[in-house]
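Residue numbers (UniProt numbering): 1 to 188.
It is worth saying that the hints were derived from the structure and are not from the lab. One or more hints might be untrue.
[Claimed, not checked] Pairwise CB distance ranges, derived in the manner of DEER restraints:
| hint | residue 1 | residue 2 | range |
| --- | --- | --- | --- |
| 1 | A12 | T161 | 43 to 49 Å |
| 2 | K15 | L166 | 33 to 39 Å |
| 3 | D9 | Q157 | 28 to 34 Å |
| 4 | E144 | V100 | 32 to 38 Å |
| 5 | E97 | I165 | 49 to 55 Å |
| 6 | L91 | V67 | 49 to 55 Å |
| 7 | K69 | A154 | 41 to 47 Å |
| 8 | S106 | K69 | 52 to 58 Å |
| 9 | K69 | T161 | 21 to 27 Å |
| 10 | V146 | K15 | 54 to 60 Å |
| 11 | G92 | K15 | 55 to 61 Å |
| 12 | V67 | Q118 | 28 to 34 Å |
| 13 | E144 | K15 | 48 to 54 Å |
[Stated by the list, open to error] In silico EDC-like links for lysine to aspartate or glutamate, alpha-carbon gap of 20 Å or less:
| hint | residue 1 | residue 2 |
| --- | --- | --- |
| 14 | K109 | E143 |
| 15 | K109 | E90 |
| 16 | K87 | E97 |
| 17 | K109 | E144 |
| 18 | K147 | D164 |
| 19 | K111 | E144 |
| 20 | K88 | E77 |
| 21 | K65 | E77 |
| 22 | K111 | E156 |
Note that the Cβ used here is the ideal one computed from N, Cα and C, for glycine as well.
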Amino acid sequence: MYALLEEDDETAILKDAFALIDACDGFTSEGDSNNDSMALGEVDKSKLLWRSRGKPGRSKNKVYKPVTKTMRIRRPETSSTAFQRRKKAELGALRAEAAVLEIRLSGLKQKNQNLMDQGLNRSETDTRSGHSDRQTVELSWLEEAVKQYRCRLAAEQCNRTLRDILATQSRISCELRAVLYQRDALKV
C-alpha cells in the first residue's frame, strides 16, 4: 500500500513539474525578451503553490498511528447473570417473532400472486355473471394493473435487446472504420 501511495505522490509531482514547464514555455514563447527570470516572474505564484501542495487537506508526510484498542468498561448492571438471561430471552423472542412475520409475509405474497393469477385467467363471461359490482371493479383494476406490469416488463426487455443491438452495431461500425482507414493508408 505504501508503494501505491508513493506512486500517486510521484505522479502528482510529475504532473506539477510538467504544468510548470508548460506555463514557463507559454510565457517565454509569447514574450519578446529572452530573459528566463523575467518569464518565471510572470507565473502566478499562488497557483504554483497550490499545485505543489496537492489536494487541500492532504499532507505529503503521512504518519500512521497504530489503532489502540479501547478497554471495555464493565458495569455491574451489564455483567449480572439476570441481565444476560433477560438479554438472551429477548433475543429469542425477537427471533421467534421474525420467523412468524416472515411466514405471514410469504403467505401474503402467495395470496396476492393467486389473486393476480385468478384475475388474469378469468374470462369476460366470468366478469359479467356471478360477481357483485364491487368485486368486478376490484378485479378489473387488478387486471389493468397486471396488464400494465406485463407491458412494462415487455418494454424493458425490448429496451435491453435494442441496447445490445446498438452496442453491437457501434462496435461493428468502429471496426469497419478502422479497416477502411487502413485501406486508405495503404493506397497513399
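Report the numbers of all earlier hints that the structure fails to satisfy, in ascending order.
3, 6, 7, 8, 9, 12, 13, 15, 18, 21, 22
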